[in-house]
Amino acid sequence: MTADLTRATAAELAARIANREVSAVEVAQAHLDRIGEVDGAVNAFLHVDTEGALNAARKVDEDIAAGAHVGPLAGVPIALKDVLTTEGVPTTVGSKILEGWIPPYDATVTRRLKEAGLVILGKTNMDEFAMGSSTENSAYGPTRNPWDTDRIPGGSGGGSAAALAAFEAPLSIGTDTGGSIRQPGAVTGTVGVKPTYGGVSRYGLVAFSSSLDQAGPCARTVLDAALLHEVIAGYDPMDSTSIDAPVPPVVAAAREGANGDLSGVRVGVVTQFSGEGYQPGVLRSFEAAVAQLKQLGAEVVEVSCPSFDYALPAYYLIAPSEASSNLARFDAMRYGIRVGDDGTRSAEEVMSLTREAGFGPEVKRRIMIGTYALSSGYYDAYYGSAQKVRTLISRDFDAAFATVDVLVSPTTPTTAFPIGERTNDPMAMYKADLCTIPANLAGNAAMSVPSGLSDEDGLPVGLQIMAPALQDHRMYRVAAAYEVARDAALGAPVISGVPQLAGVAR
Amino acid sequence: MTSVHELMDYAEVIERFDPVLGLEVHVELHTNTKMFCGCANVFGGEPNTQVCPVCLGMPGALPALNGKAVESAIRIGLALNCEIAEWCRFARKNYFYPDMPKNFQTSQYDEPIAFNGYLDVTLDDGSLFRVEIERAHMEEDTGKSLHVGGATGRIHGAEHSLLDYNRAGVPLIEIVTKPITGTGERAPEVARAYVTALRDLLKALDVSDVRMDQGSLRCDANVSLMAKDATEFGTRTETKNVNSLRSVERAVRFEMTRQAALLASGGEITQETRHFDESTGSTSSGRTKETAEDYRYFPEPDLVPIAPSREWVEELRGTLPELPWERRKRVQQEWSLTDAELRDLVNAGAVDLVTATVDAGATHAEARSWWVAYLTKEANARGVELAELGITPAQIARVIALVNSGELTNKLAREVVTGVLDGEGEPEAVIEARGLKVVSDDSALEKAVDEALAAQPDVAAKIRDGKVAAAGAIVGAVMKATKGQADAKRVRELIIARCS
Numbered sequence: 001m002t003a004d005l006t007r008a009t010a011a012e013l014a015a016r017i018a019n020r021e022v023s024a025v026e027v028a029q030a031h032l033d034r035i036g037e038v039d040g041a042v043n044a045f046l047h048v049d050t051e052g053a054l055n056a057a058r059k060v061d062e063d064i065a066a067g068a069h070v071g072p073l074a075g076v077p078i079a080l081k082d083v084l085t086t087e088g089v090p091t092t093v094g095s096k097i098l099e100g101w102i103p104p105y106d107a108t109v110t111r112r113l114k115e116a117g118l119v120i121l122g123k124t125n126m127d128e129f130a131m132g133s134s135t136e137n138s139a140y141g142p143t144r145n146p147w148d149t150d151r152i153p154g155g156s157g158g159g160s161a162a163a164l165a166a167f168e169a170p171l172s173i174g175t176d177t178g179g180s181i182r183q184p185g186a187v188t189g190t191v192g193v194k195p196t197y198g199g200v201s202r203y204g205l206v207a208f209s210s211s212l213d214q215a216g217p218c219a220r221t222v223l224d225a226a227l228l229h230e231v232i233a234g235y236d237p238m239d240s241t242s243i244d245a246p247v248p249p250v251v252a253a254a255r256e257g258a259n260g261d262l263s264g265v266r267v268g269v270v271t272q273f274s275g276e277g278y279q280p281g282v283l284r285s286f287e288a289a290v291a292q293l294k295q296l297g298a299e300v301v302e303v304s305c306p307s308f309d310y311a312l313p314a315y316y317l318i319a320p321s322e323a324s325s326n327l328a329r330f331d332a333m334r335y336g337i338r339v340g341d342d343g344t345r346s347a348e349e350v351m352s353l354t355r356e357a358g359f360g361p362e363v364k365r366r367i368m369i370g371t372y373a374l375s376s377g378y379y380d381a382y383y384g385s386a387q388k389v390r391t392l393i394s395r396d397f398d399a400a401f402a403t404v405d406v407l408v409s410p411t412t413p414t415t416a417f418p419i420g421e422r423t424n425d426p427m428a429m430y431k432a433d434l435c436t437i438p439a440n441l442a443g444n445a446a447m448s449v450p451s452g453l454s455d456e457d458g459l460p461v462g463l464q465i466m467a468p469a470l471q472d473h474r475m476y477r478v479a480a481a482y483e484v485a486r487d488a489a490l491g492a493p494v495i496s497g498v499p500q501l502a503g504v505a506r
Numbered sequence: 001m002t003s004v005h006e007l008m009d010y011a012e013v014i015e016r017f018d019p020v021l022g023l024e025v026h027v028e029l030h031t032n033t034k035m036f037c038g039c040a041n042v043f044g045g046e047p048n049t050q051v052c053p054v055c056l057g058m059p060g061a062l063p064a065l066n067g068k069a070v071e072s073a074i075r076i077g078l079a080l081n082c083e084i085a086e087w088c089r090f091a092r093k094n095y096f097y098p099d100m101p102k103n104f105q106t107s108q109y110d111e112p113i114a115f116n117g118y119l120d121v122t123l124d125d126g127s128l129f130r131v132e133i134e135r136a137h138m139e140e141d142t143g144k145s146l147h148v149g150g151a152t153g154r155i156h157g158a159e160h161s162l163l164d165y166n167r168a169g170v171p172l173i174e175i176v177t178k179p180i181t182g183t184g185e186r187a188p189e190v191a192r193a194y195v196t197a198l199r200d201l202l203k204a205l206d207v208s209d210v211r212m213d214q215g216s217l218r219c220d221a222n223v224s225l226m227a228k229d230a231t232e233f234g235t236r237t238e239t240k241n242v243n244s245l246r247s248v249e250r251a252v253r254f255e256m257t258r259q260a261a262l263l264a265s266g267g268e269i270t271q272e273t274r275h276f277d278e279s280t281g282s283t284s285s286g287r288t289k290e291t292a293e294d295y296r297y298f299p300e301p302d303l304v305p306i307a308p309s310r311e312w313v314e315e316l317r318g319t320l321p322e323l324p325w326e327r328r329k330r331v332q333q334e335w336s337l338t339d340a341e342l343r344d345l346v347n348a349g350a351v352d353l354v355t356a357t358v359d360a361g362a363t364h365a366e367a368r369s370w371w372v373a374y375l376t377k378e379a380n381a382r383g384v385e386l387a388e389l390g391i392t393p394a395q396i397a398r399v400i401a402l403v404n405s406g407e408l409t410n411k412l413a414r415e416v417v418t419g420v421l422d423g424e425g426e427p428e429a430v431i432e433a434r435g436l437k438v439v440s441d442d443s444a445l446e447k448a449v450d451e452a453l454a455a456q457p458d459v460a461a462k463i464r465d466g467k468v469a470a471a472g473a474i475v476g477a478v479m480k481a482t483k484g485q486a487d488a489k490r491v492r493e494l495i496i497a498r499c500s
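Heads up: the sequence lines are chains A and B, in that order.
Last residue of the first sequence: 506 in full-length UniProt numbering, with the numbers rising by one and none dropped.
Last residue of the second sequence: 500 in full-length UniProt numbering, with the numbers rising by one and none dropped.
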């Protein structure tokens, strides 16, 4: 019974809760039990809010019993990346510098989840300040990939992806600055969506890189992701960069796509994302996915986006530049840890000691890169040039979308790599985001959907689908159609291949 | 702490150097809410009570721009004859300081909302001096640090510091002049006149409290000197903590004499921030800008660009009130004032007050006589601005009316006004409480007249002989006897009646 509940999709759970076949409390308890059972092996959660989850579930059960109208995901448990503020519940951003901080306010995403009756189980692990592609940069230990616990679950949102693959939660929220939703989705065999920039409010999302950060839904199915997308998306006056436009009809698109017909849909294969550095099994999985899209009726063409070659270096100037400024506020004056305040030191010294002790090496590296890139005399050469590249990338997307409806590529060049393999090689680590970064720089929508397992190592591979800004529904339609065809070809959903996790108590 | 400065005689400074000024004025807008959040924008208040996640720079919080602040910025720009940007952005100015919650200030950098304007300021002799405006841009204010335990209240030597973030995020407009040259010996006067004109303008626009004492108008004075044969500007200093109009003038003058002495003795000016001391009238060295601070400005990614439509700008232009100099011109014509009369009125800062008093029923001559002649002296004596003296134009107009109706003499009227200034309430309440009614009871006056005539029989005899002019002495005695509460005209009439 419990296994049944934790393996169900969010859509199924919501329906069963609404029909009173099962209570929201039972569903929440089943997931809390599952977390208690396996999270010792996975470390997907930094904080489990048992009491808050059960209270929220109880409220949903009461509302349903009273005959109140509840939303399409009411009572469904969800795991929240620890980068979104939660009133009264710790938020660390995976950093020691915010250890013990209890936010006094909810992020807009958090508020919308609560208002929609979702049951927040807790906060998930992540690379510190969302800087990383493996979750190894968390100050609270790495998250492990449920497919192979010696491997990384991707990052920065490794916790949110691993929680899905470990059946600890049917839904989770991630944030994607350069691929932090999509790459973990790819390497854990789950669905991860980066909505159009401005589609989901960033209010309460602890900023890494303001012009790139975007929260989005993570799920085990395309429809679940779409249902969650519609809960969290929409204009928010608290975020000036949020778009005041109707939410793209992603749920309808996912349902339409599930009919399995992509006739008339033009799909562009990005020629830049192939070749050297790409794992052969990943490329074979990608080619098989493209073949399936053709079988579904899509018209497939190759598209060249030459500026994408410069996306990675541009990203590693823009993101650290913004981060160097965004992270300046962590100075021990108002919140977070304070180091060295023994009555003899100046505020400046305490700031310095706190930042020295509170930030990890990757965060410090990026603050230094960003500080340098913004310095007078270097600004034009670095930050300025990177912004020009950003414009060129947007133009490449515009040109491509003039001829195709969506673009596809592998989500990330390799499958999950072993923990520790790239920790001393930042460049190797950065390359995990090679294919995902352009969509962040241009601000358009992109997602990763599992494309099966790599034939050489049996680990999940992700298919990236990219759509123009505010055309998020296009990629949902393609992804939902592909999902049906893929499961039919494989005989079972990709996620069903996750091995049994050893019962290591948390 | 006090350093002794060699100063050059001012006349010699002017003989040998040309001063160059640059004035940066920060104005706190009096919008209902702060620049980027919904917190109340009110001066004072218990520390850290007007704060929220946004203005405290909490992780995850984002700014949302106050449209009213943009409107005020555009109106200020228009009133300063500036061009209004068709498209502009905020930028982040990055530096660490505990009273700045995000450790960057959201400001404008190379894309200000208003630029290339001018302000014509009236000097003491009534002549106009045009000050060119470089830019007016929007930014947020910082919190306040209170340094405890040091001798000076400055961070140096303090034992600990307290932080109040109530002011953090209050909307500011920074107005920067182009280098002001060609003032010669009038540089200190031009500086004061400029800040005065700006204050009057901002008050007329009703965008700020413009209280220098409360920090809602703050001036930084950049001063440098050029030797008479020089072709380039000299090194400048930036003097802060200039908290009154008079201080602006004093600070500029002091810096000129200090720099001149230093340059004349072969020294060099250090580019630095200096601190003005009200009590000594001198400036002292603050932070030395040994290495130019690198603020690592970049466009603020949390805010979208501002693109005020031309229609909106023109609509705002239509809301500009009569500007102070226009009003002066109008008032001079309407009241047929001489240039000297107008200058006195303007220098006293009394244009608005006199106009309001006239609106309340007085003639402009009566109103000017009160505000310019009498109350200005009172304000000086009490060390406050005329407008903050504590009496309203309506009250003055009522006092004038009482004099005209004979219920008060001029002397009594001044006593009534003193009562109002001393906080005794409305003029009528002062009259009541102090018993300041004109003695108009003829029988009481006749008694006093008889006594006075009896006391000075020789004078009484002269009056009876038809030497009416002699009555003055008796009037004086009667006024003295009635403690000034008699109507002198009536007293004279009674004396003549008694003696005929």
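Keep in mind that a hint or two might mislead.
Unchecked claim - With a straight-line cut-off of 30 Å between C-alpha atoms, the simulated DSS-like cross-links for lysine-lysine are:
hint, chain 1, residue 1, chain 2, residue 2
1, B, Lys-228, B, Lys-144
2, B, Lys-93, B, Lys-203
3, A, Lys-388, B, Lys-329
4, B, Lys-480, B, Lys-462
5, A, Lys-96, A, Lys-364
6, B, Lys-329, B, Lys-178
7, B, Lys-489, B, Lys-462
8, A, Lys-96, B, Lys-144
9, B, Lys-93, A, Lys-96
10, A, Lys-364, B, Lys-462
11, B, Lys-462, B, Lys-377
12, B, Lys-178, B, Lys-240
Unchecked claim - A partial selection of chain A residues facing chain B, derived with a Cβ cut-off under 10 Å:
hint, residue
13, Asn-55
14, Thr-85
15, Leu-98
16, Gly-100
17, Met-238
18, Ala-328
19, Asp-331
20, Glu-348
21, Ser-394
Worth flagging that the hints you see were computed from the coordinates, not collected in a lab.
Since the structure is predicted, the reported quantities are computational estimates derived from the model, not experimental observations.
For glycine and all other residues, C-beta sits at the position ideal for the given N, C-alpha and C.
Against the structure, the hints come out as follows:
1. Taken as a hint, the Lys-228 (chain B) and Lys-144 (chain B) pair is broken in the structure, with Cα atoms around 42 Å apart against an allowance of 30 Å.
2. For the hint linking Lys-93 (chain B) to Lys-203 (chain B), the alpha-carbon distance of about 29 Å falls within 30 Å, and the restraint holds.
3. Restraint check for Lys-388 (chain A) and Lys-329 (chain B): not satisfied, since their Cα atoms lie roughly 53 Å apart, outside the 30 Å limit.
4. Our distance criterion of 30 Å between C-alpha atoms is met by Lys-480 (chain B) and Lys-462 (chain B), whose separation comes to about 21 Å.
5. Taking the CA atoms of Lys-96 (chain A) and Lys-364 (chain A), the gap is near 13 Å; set against the 30 Å cutoff, the hint holds.
6. Taking the CA atoms of Lys-329 (chain B) and Lys-178 (chain B), the gap is near 27 Å; set against the 30 Å cutoff, the hint holds.
7. A threshold of 30 Å between alpha carbons decides the hint, and for Lys-489 (chain B) with Lys-462 (chain B) the separation of about 19 Å falls inside it, so the pair holds.
8. At most 30 Å may separate the alpha-carbon atoms for a hinted pair to count; Lys-96 (chain A) and Lys-144 (chain B) meet this at roughly 29 Å.
9. Using a Cα cut-off of 30 Å, the hinted pair Lys-93 (chain B) and Lys-96 (chain A) holds, with the two alpha carbons roughly 27 Å apart.
10. Distance restraint check for Lys-364 (chain A) and Lys-462 (chain B): the Cα-Cα separation of roughly 104 Å exceeds the 30 Å cut-off, and the hinted pair is therefore not satisfied.
11. Proximity of Lys-462 (chain B) to Lys-377 (chain B) is assessed by CA-CA distance (about 41 Å); at most 30 Å being required, the pair is judged violated.
12. This hinted pair checks out: Lys-178 (chain B) and Lys-240 (chain B) have alpha carbons roughly 18 Å apart, not beyond 30 Å.
13. Because the closest C-beta pair between Asn-55 (chain A) and chain B is about 23 Å apart, greater than 10 Å, the hint is violated.
14. For Thr-85 (chain A), the interface hint holds, the least distance from its beta-carbon to any beta-carbon of chain B being 5 Å, beneath 10 Å.
15. With a cut of 10 Å, the hint placing Leu-98 (chain A) at the interface with chain B holds, because the nearest CB-to-CB distance is about 7 Å.
16. Restraint check, Gly-100 (chain A) versus chain B: the minimum CB separation of about 13 Å is more than 10 Å; hint violated.
17. Evaluation of the Met-238 (chain A) hint against chain B yields a held restraint, the C-beta minimum of about 6 Å falling below 10 Å.
18. A hinted interface residue such as Ala-328 (chain A) counts as satisfied when its beta carbon comes closer than 10 Å to some beta carbon of chain B; here the least separation is about 4 Å, so the hint holds.
19. The restraint placing Asp-331 (chain A) at the interface with chain B holds, with a minimum CB-CB distance near 6 Å, inside the 10 Å limit.
20. Checking Glu-348 (chain A) against chain B: minimum C-beta separation of about 7 Å stays under 10 Å; hint holds.
21. Annotation: interface hint on Ser-394 (chain A) violated; nearest CB of chain B at approximately 15 Å, more than 10 Å.
In terms of the numbered hints stated before, the structure departs from hints 1, 3, 10, 11, 13, 16 and 21, listed from lowest to highest.
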